[in-house]
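Chains A and B, in that order, give the protein sequences.
With the numbering used here applied, the first sequence covers 467 to 576.
With the numbering used here applied, the second sequence covers 8 to 91.
Quick caveat, the hints were computed from the structure, so don't treat them as lab data.
Beta carbons: idealized from backbone N, C-alpha and C, even for Gly.
One thing to keep in mind: the hints can contain errors.
[Said to hold, decoys possible] Computed list of chain A residues with no C-beta within reach of chain B, every gap over 10 Å: (1) I470; (2) T511; (3) F524; (4) C534; (5) M566; (6) Y572.
[Said to hold, decoys possible] Each pair of labels, with its calculated beta carbon distance range: (7) K573(A) <-> I56(B): 27 to 37 Å; (8) D58(B) <-> K573(A): 50 to 60 Å; (9) F485(A) <-> I72(B): 24 to 34 Å; (10) I72(B) <-> R551(A): 13 to 23 Å; (11) A471(A) <-> D64(B): 18 to 28 Å; (12) Q501(A) <-> F13(B): 23 to 33 Å.
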Amino acid sequence: MIDIAGIIIICIGVAFTLFGCIGLIRLPDVYNRLQAATKCVTLGTCGIMFGIFVSSGFSGLGVKCLICIPLIFLTSPTAAHSLARGAHIFGVKLWDESRMDEYKEYKSKQ
Amino acid sequence: MIILLFILIISCFLCLYRAGKGPTVPDRMVAIDILGILVVGVCAILGYILDLHFFIDIAIAWIFISFIGTIALAKYLEGRNLSD
Numbered sequence: 467m468i469d470i471a472g473i474i475i476i477c478i479g480v481a482f483t484l485f486g487c488i489g490l491i492r493l494p495d496v497y498n499r500l501q502a503a504t505k506c507v508t509l510g511t512c513g514i515m516f517g518i519f520v521s522s523g524f525s526g527l528g529v530k531c532l533i534c535i536p537l538i539f540l541t542s543p544t545a546a547h548s549l550a551r552g553a554h555i556f557g558v559k560l561w562d563e564s565r566m567d568e569y570k571e572y573k574s575k576q
Numbered sequence: 008m009i010i011l012l013f014i015l016i017i018s019c020f021l022c023l024y025r026a027g028k029g030p031t032v033p034d035r036m037v038a039i040d041i042l043g044i045l046v047v048g049v050c051a052i053l054g055y056i057l058d059l060h061f062f063i064d065i066a067i068a069w070i071f072i073s074f075i076g077t078i079a080l081a082k083y084l085e086g087r088n089l090s091d
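Throw the hints in and build the complete structure from the sequences for me.
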């Protein structure tokens, strides 16, 4: 029973990961791609880790997976944030149909 | 579980497609960053299937290597030195 619950959580995580990668292919812009891919893949990988923890319990494998979750939640959004800032400073244009560019307004105010 | 592993590997190939095609430099960097996180999931599922614990150790090390690499590349994008 607990095995099945763990495998269902792992399936949800893998589905999030696949949808994030499809978003990485389909979306039109660096910032859109970054937003889709980072959030979905982070949550998906944490789902995989939590599913393995649920199905294997407090063994060596499960506790190491549980340690991985806060590491991913700390490092992945930080890397994505610095990449978005770097891309904006590097001069990548937004998509044609984007309406707002708040970071540009913020930089022009300073 | 093997099917889930195959789906993750297909996702890795989608990321590699974006890294090869990407029109600008930040596109490729985003794809490589995402690939680093995907490899962590692949390592975790491999460790669960084969019941080998050291794959998770590889995954923990890979998280930090991917993070430091992405931060260094983002600093390069902003036009600063690594010593700033």
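Hints and how they fare:
1. At the 10 Å boundary, the C-beta of I470(A) stays outside the reach of chain B, the nearest C-beta of that chain being 12 Å off.
2. Here T511(A) does not stay apart from chain B, with its beta-carbon only about 5 Å from theirs, under the 10 Å limit.
3. Non-interface status of F524(A) relative to chain B is upheld: no Cβ of that chain comes within 10 Å, the nearest being about 13 Å off.
4. Annotated as non-interface, C534(A) brings its C-beta within 10 Å of a C-beta of chain B; the closest such distance is 6 Å.
5. For M566(A), the shortest C-beta to C-beta distance to chain B comes to about 20 Å, beyond the 10 Å cut-off, and the non-interface label holds.
6. With a closest Cβ-Cβ approach of about 16 Å to chain B, Y572(A) is found to remain outside the 10 Å limit, as its non-interface label requires.
7. For K573(A) paired with I56(B), a C-beta distance near 49 Å fails the hint of 27 to 37 Å.
8. D58(B) and K573(A) have their C-beta atoms about 52 Å apart, which keeps the hinted 50 to 60 Å range intact.
9. Between F485(A) and I72(B), the C-beta spacing of about 26 Å keeps the proposed range 24 to 34 Å intact.
10. At about 21 Å, the beta-carbon gap between I72(B) and R551(A) stays in the expected band of 13 to 23 Å.
11. For the hinted restraint 18 to 28 Å between A471(A) and D64(B), the CB-CB distance of approximately 26 Å keeps it satisfied.
12. Taking 23 to 33 Å as the suggested C-beta distance range, the pair Q501(A) and F13(B) conforms, at roughly 27 Å.
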